[in-house]
Amino acid sequence: MESSDADIVVDSLEYPASMDHWDSFTDFTKSSITKFISDSSLAYKFFLAFEELISNIIRSSEKHSARQATLAIRILKRNLDDKDWLVVQTVDTGIQFDPHYHQRNPVDTKQPVHERAIGGLGIFLIEQSVDCAHYQWLNGSNVNEISICIQPVSS
Amino acid sequence: MTLSIEITQGDVHVTLTLTGDVDTKTAPELLAKLTALELSLLEQLRLNLVEVDFISSAGLRAIVFAKQKMPHSSRLYLVGASEQIVETITKTGLAQAVVVVGSEEEI
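Line by line, the protein sequences give chains A and B. Residue numbering for the first sequence is -9 to 145, as defined by my numbering. Residue numbering for the second sequence is 115 to 221, as defined by my numbering.
Hints in this document: simulated from the structure, not taken from any laboratory. Treat the numbers as computed from the prediction; the structure is a model and nothing was measured. Each hint should be verified, as a subset may be incorrect.
Derived SDA-like pairs (lysine to any residue); straight-line CA-CA distance at most 25 Å [unchecked claim]:
{"no.": "1", "chain 1": "B", "residue 1": "139", "chain 2": "A", "residue 2": "-2"}
{"no.": "2", "chain 1": "B", "residue 1": "139", "chain 2": "A", "residue 2": "60"}
{"no.": "3", "chain 1": "A", "residue 1": "67", "chain 2": "A", "residue 2": "31"}
{"no.": "4", "chain 1": "A", "residue 1": "53", "chain 2": "B", "residue 2": "175"}
{"no.": "5", "chain 1": "A", "residue 1": "53", "chain 2": "A", "residue 2": "141"}
{"no.": "6", "chain 1": "A", "residue 1": "20", "chain 2": "A", "residue 2": "59"}
{"no.": "7", "chain 1": "A", "residue 1": "100", "chain 2": "B", "residue 2": "207"}
{"no.": "8", "chain 1": "B", "residue 1": "139", "chain 2": "B", "residue 2": "150"}
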C-alpha cells in the first residue's frame, strides 16, 4: 500500500527502541486502535500484528545494542480507493531488516509440534492479521506499515 | 501489562493459572515457570487462561517449548481461552498439539 498525501496523522510517539519503553509503545497503540476499531476481534488482530512488529524491532535493537536505535510510531488514517484505512507506521533507526512480507516460505502449520522450529511465527501472524503489511528502507530507517480497512465500500 | 502465574499441583497434573497478557515482555516469566517444572515426566499440564486477554507469538513459543519437552503421550490443556486466543492458536497450527477446553470440569 502506497502512502498518500491524504494521510491524516492521528497521533505519534517516539522513544529509544528498548524494552524499557515497551509499555509506552503498547499502551499508546492499543488505545489508538480501540478508539478507531469497535470490532473487538478486528482490534485484537491489529494489535497482535503491532505487537509482533515492534517485538522484532526492539529485540533486534537490543541485540545490536552498540547502536541505540529509536522507534517512532505514527497512527494514520488514510483514504485509498474510496476506503478508509487505519495505518500503524513504525520508523526505526536500527539495522536494515526487510521482513519480506508475503514473500517468505510460509510457516508449515501442519508440521508436528515436536518438530517445530522457533522462528517465523511473528511475521506469519502479522501477515495473517492485517489487510496489508508493507516495508521500505527510507532515508536510513526501516519503515513498516500495517493497515486494516475500517470502512468497506458500501454496495 | 503484567502477568501473574499461580501453580497448583494436582494428583496427576500441574495447573498454571495465568492472569494478564502473555506478550514479548511477560512471556519469559511463563517460560521460566515452565522450565522449572519437570516437563519430561509430566503427563498432564493445564494452562488456565480464563483471565488472559492476549497471547502473542512469544507466549505461543513458550507453549510449544512445554509440549516439546513433555512426553509424546502427554496432554497439554488450554482452559478457558478466549475466542481470539483460540483463533491464533488454530491459525498457527498449534491446535494439533493442545486440547482446548472451556473449563477444568470438562477434563
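>> Of the numbered hints stated earlier in the document, which are not met by this structure?
In response: 1 and 5
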